[in-house]
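Respectively, the protein sequence lines represent chains P and X. Letter by letter, the first sequence follows residues 1 to 115 of my numbering. Letter by letter, the second sequence follows residues 1 to 642 of my numbering.
Honestly, the hints are just simulated from the structure, not real lab data. Glycine included, every Cβ here is placed at the ideal spot set by N, Cα and C. Hints may be right or wrong, so weigh each one.
What the hints assert, rightly or not - A partial selection of chain P residues facing chain X, derived with a Cβ cut-off under 8 Å:
no.	residue
1	27
2	36
3	41
4	44
5	49
6	79
7	82
8	84
9	87
10	99
11	103
12	109
13	112
14	115
Said to hold, decoys possible - Calculated lysine-lysine pairs in the DSBU-like style (CA-CA distance at most 35 Å, straight line):
no.	chain 1	residue 1	chain 2	residue 2
15	X	580	P	83
16	X	357	P	72
17	X	625	P	31
18	X	432	X	297
19	P	101	X	438
20	X	357	P	107
21	X	364	X	380
22	X	357	P	23
23	P	107	X	625
24	P	72	X	438
25	X	432	X	380
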Amino acid sequence: MRMAILLGAALFAGAAFAQDAPKGSAERGKKLYIDLNCHSCHGTHGQGGGRGSEPSIPAGYPWQGFFNQLRKPRRDMPAYEEKLVGNQDVADLYAYFASLKPAPAAKDIPQLRNF
Amino acid sequence: MTQARKKTTQTPEDESGLDRRTFLKGAAAAGAATAAAMAAATKVAQAAEAKPAQPEGEANMRGDAFISRPGSDFMLDVIKTLDIDYIASNPASSFRSLHESIVNYGGNRKPEFLTCMHEESSVGMAHGYAKAAGKPMAVLCHSSVGLQHAAMAVYNAWADRVPVMMFAGNGMDANKRRPGVEWTHCVQDPAAIVRDFIKWDDQPASLQHFAESTVRAYKMALSPPQEPVLITLDIDLQEEAIHGEKLSIPKLSLSAPPQADERALREAARMLAGAQNPVIVADRCVRSQEGVEALVKLAETLQSPVICTGNRMNFPSTHYLNLSENRPGLVRNADVVLMLEVQDPWGMLHGMGDPWKDIRRVAKPDVKVIQISLADFMMKSNYQDFQRFQPADLAISGDSQTSLVPLTEAIKRELSSTRAAELAGRADGLRKRHRDMKERMKTAAALGWEASPVSTARLCAELWNAIGNENYCLAVSDRIAWPKRLWPTTKYSNMMGGSGAAGVGYSAPGAVGVALANRDKGILTVTLQPDGDMCYAPGVLWTAAHHKIPLLIVMYNNRGYVQEVMHLQRMAGLHRRDPKTAKVGTMIYDPEVDFGKLAQAFGVYGEGPISDPNAVGPALARALKVVKSGAPALVDVVCQLR
């Protein structure tokens, strides 16, 4: 998770924002996300994993950073080349993330108040 | 073995009873006499005349000859002196005599025979049990097919540094083996298959030899570094009668754990007292609450943050000095790192990229490393669990838990009042970092809160909600990181770590073993059970039901071997090929395993599968009622993949 946040922050300055992303289909992106096994690390809601090394995909992640991370990833994530995941596919994936309802704040979750 | 053979040839009978060969001879003679007395005895008598000396071992067994005191009774006498409560086993003919001695001669108490459905389950149960009970369980198995089944679990226990007292039945004398299966199940050197990852083994040739080697093995298993040991049980030694020899059982006297050298500890104290940013890394450091408290005192004396790896519950998660989730930053800034029984010191200071194997140095180049460890005393050549070599500035051989108090006292002696005040000044900053860390974890746990399948963070929060007011134990605490990140953990008994060698198949039997140890302590045992692990040997569910072992099993069911999905994705990316196929050979669906029904089939309360996060809490509450009544229960929760 930390890695993704840092990466997102690094890319934020010169990156295009969500409104600059190509138009995509959230529905198609959701299916693609599962088909490509993205959820094995990042979870179906981009929440990351519970083993310590699976990064979350923060809400508001910039389009250009998202695109770059798929094509030429930092660290250990595999690359998804255009011949396998086309540019429209990436736009659909991005649209899926943009469509997700934001997570509730921890303070508003009774079960998390115990900690 | 040799002694037993000598006795059968030189001493046909004694006051203690008959040995196996004498028994057969007696049966042959009695058979001939009875036949001669019968009306139609002529032919038989002629045959007897024709064969005056019936070959030994070919006579028919009869019911009028007995073994009044088999060797296995004495073996059990020996085992009973070792305070072993349970002996886990899948029954097998190579130890049938000892099995019978346990259940009849010994009354099936201390040790009680635990019926297992796989030798890996037997050893996995013993592994978990030893960590929770603080003493070994015994395991009985065939020396050939049994040890082969058990081997992976033995390696787990070895890597986790846990004592297991193993016994393996074997027939050494080829002249006495029954044809067929008994030959197939006998081995010339039974321990060979596990010798690379056990501490010691022996193959006793007499009952006195058995007594001395068994007590020796137990003593060695419990001397840190604690490890599994193996004693072979010769079939004839078990089954033949005890003769007139004087047998004695050696007194057990456990060795005091080796404390680190005082002079070396003084040097460590000097380095730590002078450090600006010390970090304590605790791996398999403690083995009791006393050790936890000693580590707290050490950390507070230094005002040093602690990284607890999770292989043992070394340090309370509620303590402000526990900054385990800040590990990279702490290591990066450290000037002195104290490593307490750390299995992978190099990995603490470095990372390695995958697949290009690029080394990323995390720690400063001039960081000073102090290691207190017994690793040098348990290292063998073949299996590489000892990890990459990391040079230390001060390497100290010694038992970490035993060395904590003298190290703390040495540090106190090093601290002037001014320096002590300086160290105390660190506390506020460290408290804030601890609070920030906890908040960060809670924020991360909220992500995907309403997701279906259920997020692993939600699962762990729901579980805590169900058990938070109990004296709890998480039997296998390394499969999901959220309990370590979120749960208030204050006792050594709260979390029992993982398998040791990451050999799949430990979680289910390990949890049953932990729950058995906790049964009489009033500790509620829960576990987060991976689905792939459960599929290895699910018969352990029956063992839990049969022996009434209360355990709440919460399935972390991600329907796959997801670590391997990730590996295949990585390989596909590297090979510029389709990543979608990473599911092939790695996912467990089509059909999906119904673990609720699996549990029910073994006589365990079972619910599920549950994918709705809001249904998890009520299901856990129902299952908890069953567990509190003294039985195991399973709730199958379909989870996010990680």
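Results of checking the hints against the structure:
no.	hint	result
1	27	violated (17 Å)
2	36	holds (6 Å)
3	41	holds (6 Å)
4	44	holds (6 Å)
5	49	holds (3 Å)
6	79	holds (5 Å)
7	82	violated (11 Å)
8	84	holds (6 Å)
9	87	violated (17 Å)
10	99	violated (14 Å)
11	103	holds (5 Å)
12	109	holds (6 Å)
13	112	holds (5 Å)
14	115	holds (5 Å)
15	X:580 / P:83	holds (13 Å)
16	X:357 / P:72	holds (18 Å)
17	X:625 / P:31	violated (40 Å)
18	X:432 / X:297	holds (20 Å)
19	P:101 / X:438	holds (24 Å)
20	X:357 / P:107	violated (41 Å)
21	X:364 / X:380	holds (31 Å)
22	X:357 / P:23	violated (38 Å)
23	P:107 / X:625	holds (29 Å)
24	P:72 / X:438	holds (33 Å)
25	X:432 / X:380	violated (44 Å)
In summary, the structure is inconsistent with hints 1, 7, 9, 10, 17, 20, 22 and 25 from the numbered list given earlier, while agreeing with the others.
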